[in-house]
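Produce the complete structure using the sequences and hints provided.
Protein sequence lines correspond, in order, to chains A, B and C.
Per the working numbering, the very first residue in the first sequence carries number 1; after that it's consecutive.
Per the working numbering, the very first residue in the second sequence carries number 1; after that it's consecutive.
Per the working numbering, the very first residue in the third sequence carries number 1; after that it's consecutive.
Keep in mind the hints are simulated off the structure, nothing from the lab.
Predicted model, so just to flag it, every value in this text is computed and none were measured.
Among the hints, a few may not be true.
[As the list claims (entries may be wrong)] Sample of chain C residues at the chain A side, in silico, Cβ under 8 Å:
hint, residue
1, P62
2, R118
3, R120
4, L122
5, R126
6, P144
7, R147
Backbone N, C-alpha and C define an ideal beta-carbon position, used for all residues, glycine too.
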Amino acid sequence: MTEMNMAHALNDALAVALADDDRVVMLGEDVGLTGGVFRVTDGLQERFGPQRVIDTPVAESGIVGAAFGMAIAGMRPVAEIQFLGFSYPGYDQIVSHVGRIRNRSNHRFTAPLVIRIPFGGGIGAAEHHSESSEALYAHTPGIKVVAPGTPAAAKGLLLAAIEDPDPVIFLEPIRVYRAIKEDVPEGRYTLPIGVAEVVRSGTDLTLVAYGAMLRDAGRAADALAGDGVSAEVIDLRTLSPLDAVTIVASAVKTGRVVAISEGHRTAGIASEVAAIVQEQALYSLLAPVERVTGWDTVVPLKRTERDHIPSVDRIVTAARRTLED
Amino acid sequence: MEPLRILEVDGHLLGPSPLPLEEIRRLFTALLTVRAYDHKASALQRQGRLATYAQFEGQEAAQVGSAAALRPDDWMVATYRDAAAMWMQGYPWDTLLLGRMGDERGGAPPAGVNVLPPSITVGAHMIHAVGLGWAEQMRGTGRIAITYFGDGATSEGDFHEAMNFAGVYRTPTVFVCQNNGWAISMSRERQTASETIAQKGAAYGVPGVLVDGNDLLAVFDATRDAVDRARRGEGATLIEAVTQRIGPHTTADDAGRYRDEATLEEWRQRDPLARVRRHLQAAGAWSEEWEHDVVTTAAAEIEAAVGRAEALAPFGPGAAFDRMFARPTAVLEAQRAALLGDGEAGA
Amino acid sequence: MAFEFHLPDIGEGLAEATIVSWRVPVGGRVGLDEPMVEIETDKAVVEIPAPRAGVILQHGAPEGATIAVESLLVVIGEEGETWTPAPVAGPQARSGALARPIVGNLEEAAGAPVPPGRARALPVLRRLAATLGVDLASVRGTGPGARILRSDVEAAARGAGPVERVRLSPTRLAIARNLTRSWQEIPHVTTFGSADPTALLAVRSRLGEAAPMPLEALLVGAVVPVLGQFPEFNASVEGDHLVMRKHYDIGIAVDTPDGLMVAVVRAAETRDTAGVAAEIVRLATAARSRSIAATDLRGATFTISNIGAVGGGYGTPIIPYGTTAILSVGRADPKPVVRDGAIVVGRELPLSLSYDHRVIDGARGRAFLAAIISAIETITG
Numbered sequence: 001m002t003e004m005n006m007a008h009a010l011n012d013a014l015a016v017a018l019a020d021d022d023r024v025v026m027l028g029e030d031v032g033l034t035g036g037v038f039r040v041t042d043g044l045q046e047r048f049g050p051q052r053v054i055d056t057p058v059a060e061s062g063i064v065g066a067a068f069g070m071a072i073a074g075m076r077p078v079a080e081i082q083f084l085g086f087s088y089p090g091y092d093q094i095v096s097h098v099g100r101i102r103n104r105s106n107h108r109f110t111a112p113l114v115i116r117i118p119f120g121g122g123i124g125a126a127e128h129h130s131e132s133s134e135a136l137y138a139h140t141p142g143i144k145v146v147a148p149g150t151p152a153a154a155k156g157l158l159l160a161a162i163e164d165p166d167p168v169i170f171l172e173p174i175r176v177y178r179a180i181k182e183d184v185p186e187g188r189y190t191l192p193i194g195v196a197e198v199v200r201s202g203t204d205l206t207l208v209a210y211g212a213m214l215r216d217a218g219r220a221a222d223a224l225a226g227d228g229v230s231a232e233v234i235d236l237r238t239l240s241p242l243d244a245v246t247i248v249a250s251a252v253k254t255g256r257v258v259a260i261s262e263g264h265r266t267a268g269i270a271s272e273v274a275a276i277v278q279e280q281a282l283y284s285l286l287a288p289v290e291r292v293t294g295w296d297t298v299v300p301l302k303r304t305e306r307d308h309i310p311s312v313d314r315i316v317t318a319a320r321r322t323l324e325d
Numbered sequence: 001m002e003p004l005r006i007l008e009v010d011g012h013l014l015g016p017s018p019l020p021l022e023e024i025r026r027l028f029t030a031l032l033t034v035r036a037y038d039h040k041a042s043a044l045q046r047q048g049r050l051a052t053y054a055q056f057e058g059q060e061a062a063q064v065g066s067a068a069a070l071r072p073d074d075w076m077v078a079t080y081r082d083a084a085a086m087w088m089q090g091y092p093w094d095t096l097l098l099g100r101m102g103d104e105r106g107g108a109p110p111a112g113v114n115v116l117p118p119s120i121t122v123g124a125h126m127i128h129a130v131g132l133g134w135a136e137q138m139r140g141t142g143r144i145a146i147t148y149f150g151d152g153a154t155s156e157g158d159f160h161e162a163m164n165f166a167g168v169y170r171t172p173t174v175f176v177c178q179n180n181g182w183a184i185s186m187s188r189e190r191q192t193a194s195e196t197i198a199q200k201g202a203a204y205g206v207p208g209v210l211v212d213g214n215d216l217l218a219v220f221d222a223t224r225d226a227v228d229r230a231r232r233g234e235g236a237t238l239i240e241a242v243t244q245r246i247g248p249h250t251t252a253d254d255a256g257r258y259r260d261e262a263t264l265e266e267w268r269q270r271d272p273l274a275r276v277r278r279h280l281q282a283a284g285a286w287s288e289e290w291e292h293d294v295v296t297t298a299a300a301e302i303e304a305a306v307g308r309a310e311a312l313a314p315f316g317p318g319a320a321f322d323r324m325f326a327r328p329t330a331v332l333e334a335q336r337a338a339l340l341g342d343g344e345a346g347a
Numbered sequence: 001m002a003f004e005f006h007l008p009d010i011g012e013g014l015a016e017a018t019i020v021s022w023r024v025p026v027g028g029r030v031g032l033d034e035p036m037v038e039i040e041t042d043k044a045v046v047e048i049p050a051p052r053a054g055v056i057l058q059h060g061a062p063e064g065a066t067i068a069v070e071s072l073l074v075v076i077g078e079e080g081e082t083w084t085p086a087p088v089a090g091p092q093a094r095s096g097a098l099a100r101p102i103v104g105n106l107e108e109a110a111g112a113p114v115p116p117g118r119a120r121a122l123p124v125l126r127r128l129a130a131t132l133g134v135d136l137a138s139v140r141g142t143g144p145g146a147r148i149l150r151s152d153v154e155a156a157a158r159g160a161g162p163v164e165r166v167r168l169s170p171t172r173l174a175i176a177r178n179l180t181r182s183w184q185e186i187p188h189v190t191t192f193g194s195a196d197p198t199a200l201l202a203v204r205s206r207l208g209e210a211a212p213m214p215l216e217a218l219l220v221g222a223v224v225p226v227l228g229q230f231p232e233f234n235a236s237v238e239g240d241h242l243v244m245r246k247h248y249d250i251g252i253a254v255d256t257p258d259g260l261m262v263a264v265v266r267a268a269e270t271r272d273t274a275g276v277a278a279e280i281v282r283l284a285t286a287a288r289s290r291s292i293a294a295t296d297l298r299g300a301t302f303t304i305s306n307i308g309a310v311g312g313g314y315g316t317p318i319i320p321y322g323t324t325a326i327l328s329v330g331r332a333d334p335k336p337v338v339r340d341g342a343i344v345v346g347r348e349l350p351l352s353l354s355y356d357h358r359v360i361d362g363a364r365g366r367a368f369l370a371a372i373i374s375a376i377e378t379i380t381g
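Below you can see the structure in the form of structure tokens.
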């Protein structure tokens with residue numbers, strides 16, 4: 001066990017993957033020489049060489065398309081797109097090809113690649129650098145979408161993603177890359193994709209969150225505990241496929257659900273959680289499912305971005321509403 | 001740029017042949033076979049037995065000549081118009097037909113045939129060939145990747161990204177552009193202000209070669225050079241094979257709306273099969289009887305493939321759920337149950 | 001074998017096409033994939049090659065005609081073959097069952113344990129319960145999966161104190177249905193009388209030495225001839241007709257654990273007393289052991305109910321639906337009677353006759369009962 005933040009934990013995962021399996025290659029803008037703009041790939045090119053950790057031209061579609069070809073040929077590429085807001089030029093390659101090749105060829109050709117993409121706002125970045133449009137990818141068949149919220153989970157999930165025989169979009173919450181430190185096991189381990197985790201047990205209501213919002217959900221739970229309200233917290237970890245079993249079990253247990261997502265409100269991940277809860281746990285509900293989300297506006301720039309990203313206060317307020325009779 | 005030509009329209013050689021006569025005869029057999037397939041597929045489409053079909057008549061030499069230069073395990077990433085090239089590389093007629101019938105098994109060639117399903121999107125697939133070749137280079141297998149695309153595809157952004165990556169990483173990728181004059185109704189002249197497509201290679205540090213696409217021997221020669229270069233680790237090549245699409249864009253198109261008869265007739269005079277036939281005739285290596293036998297045999301084989309493809313029962317209603325991942329997720333299983341009406345959905 | 005070929009959709013969403021020219025006439029021969037007909041669509045003029053080799057037996061439409069996709073284009077067969085159009089088939093049955101909707105499934109996730117004390121109820125019902133002052137935790141849900149329904153909440157609000165709910169059996173529900181119908185449709189009059197049971201009881205005693213002789217068997221024997229004289233008592237009212245039956249299928253009320261059943265002695269007029277007795281015993285046994293056939297419970301033309309067997313006296317029997325009368329016979333207990341001007345201890349057999357007043361008047365009812373009484377008092381077995 002070593003105490004690590006998420007950036008280190010991810011770096012560790014990549015090192016393990018590169019060392020264990022020579023089919024693994026990394027490619028992306030600035031991932032090699034400079035170790036990535038968030039230093040997540042720091043030191044890897046030195047250790048594994050420029051043939052394994054490849055700096056690419058500025059070409060998101062090219063990065064995804066080339067990684068796609070490599071994966072079909074039997075490699076295990078881990079591509080990086082620098083920010084979720086820059087993934088759109090590569091969106092066509094993902095939606096039209098990466099997610100479809102297995103279906104198109106009836107399993108004859110498959111694409112076991114990982115596309116790592118930092119996402120989310122709250123660091124005062126320039127326009128386009130704070131996107132939380134993961135719903136676009138969750139809505140796409142043939143790909144899995146993972147978004148860890150803590151360092152140890154991040155490492156285990158990334159190693160699982162690299163091992164997965166199918167394409168995985170791996171979203172890394174930028175504002176908690178360094179903000180959370182915890183003990184992370186050394187060596188290789190994986191966590192199952194498609195399984196949500198109850199990270200905090202409670203009885204009065206359930207907070208469902210992922211990515212950077214997980215930390216805020218925890219803080220909201222602390223605040224509620226101060227009022228004698230016991231909040232259960234679920235870390236979704238995988239956005240597609242969503243773990244309905246865990247979500248519903250908690251909804252049945254507590255009867256009150258608050259679904260939290262930094263993404264835009266309409267057709268977002270929180271909407272899907274609400275749909276699942278009302279479909280399968282309606283008779284246990286003591287209140288409507290609350291959604292605490294980003295708004296249907298373009299993500300505001302630094303000065304007012306805090307009005308967009310759900311705050312701990314908004315989560316607590318929504319939670320309290322579920323407690324009203 | 002003057003296009004490379006070896007075999008003149010009248011059948012005589014302008015320079016040394018890159019292939020022995022026996023091999024030319026063998027490739028002529030292939031030309032006859034693929035033309036028979038093209039005609040059969042067109043007929044099937046008009047009988048409602050295939051969905052839209054994109055004819056390649058006129059482009060046979062560009063596809064057969066280039067594919068002939070490959071090793072059997074080389075990767076091929078081609079388009080919906082390149083059935084001839086794909087078949088040359090081992091993609092069965094049955095499988096090609098299934099694809100046009102709208103069955104996903106049409107995307108599954110046998111193991112060992114490294115040919116991806118035909119790309120329906122325009123311009124997005126060349127980068128895949130870059131990735132494939134790149135991976136083979138990393139693993140030192142000696143395999144290369146060839147990719148086919150049309151003049152229209154060179155306008156897509158992904159052409160630029162593919163050529164750029166190929167140039168930067170010196171991937172063993174052979175880019176074959178069949179400039180057949182048209183992107184549906186858009187003529188080559190209006191597709192790009194560049195005088196040739198081959199010259200675009202220079203912008204990426206990739207050699208560009210202009211070839212008479214209806215000259216089987218020139219196409220073969222240029223592709224063999226490019227393939228050898230790639231295998232030696234010297235990087236990619238862009239080949240522009242100038243040819244003409246004799247038919248319409250697809251069976252849902254009327255080329256008479258945008259192409260005049262004179263142009264069409266001019267190109268018919270330069271038919272790729274005719275000049276090889278003349279060459280073989282002059283060399284005493286052809287007879288009408290022999291050609292008739294070849295065509296009859298090919299037609300029978302293709303007819304048998306049609307029979308097999310049409311006899312294959314379609315997938316059942318729940319099958320799509322198995323094709324998304326190695327194993328269906330719980331979400332997919334629940335949706336399948338809802339479709340089949342025997343359980344509860346919602347996952 | 002003639003091959004019918006229908007105009008395919010060859011143009012991605014084509015709806016119809018016009019026949020420009022037939023390349024091969026009717027009767028002409030065409031080879032596989034050879035040009036057969038030229039058609040014009042919105043997009044292009046297209047030649048359709050023959051899907052079969054053979055002789056053209058029929059053109060689906062003439063040159064110049066516009067036909068819809070899927071309509072007959074051509075029939076190809078052999079030399080000398082004839083072809084006639086098949087009858088128009090009905091619309092194709094929808095294949096496959098309607099799939100259940102993805103949303104709208106209201107069952108809980110399998111295996112999710114319900115916390116003790118947490119009732120399963122729609123949120124709207126929780127609100128209703130709160131409004132009515134009902135504690136949901138104490139309400140037993142009668143919906144699927146023990147879900148609490150609106151009716152459960154409302155019942156809980158009404159009900160004072162504990163109740164026991166028992167679901168009525170199908171038999172009981174059937175009995176209830178029939179009685180309700182009788183009661184609602186037939187104007188009942190009940191007339192009372194009594195008979196001296198001396199002869200009846202003596203005969204029963206004598207015949208009962210050999211085999212069980214239920215009282216009903218003797219009553220059947222007494223009643224059937226009287227029914228012959230009073231046919232409107234062995235009848236049914238059907239619309240504006242009185243249907244008097246010429247056969248005597250006498251219903252005998254049998255008390256079973258599932259409720260009162262009327263078992264039918266068919267064609268009682270053809271049986272002797274012993275035969276009727278045996279049949280009644282068989283029916284009663286079968287009824288009580290729940291093995292009686294449905295046919296034995298249907299079609300009584302007149303019914304006798306021996307309530308005396310369970311200690312009854314007079315009563316107001318309900319006429320079985322589909323008949324016009326029923327006779328109830330009570331227990332002949334000892335009681336003070338007047339004989340020859342003196343009060344002595346005697347027995348009287350209480351008789352209660354209900355009849356359908358739509359078709360039977362009071363005088364007729366009294367006359368019938370008097371005849372029954374006479375028959376009983378003069379019975380010889």
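Results for each hint:
no., hint, verdict
1, P62, "violated, 44 Å"
2, R118, "holds, 7 Å"
3, R120, "holds, 4 Å"
4, L122, "holds, 6 Å"
5, R126, "holds, 7 Å"
6, P144, "violated, 10 Å"
7, R147, "holds, 6 Å"
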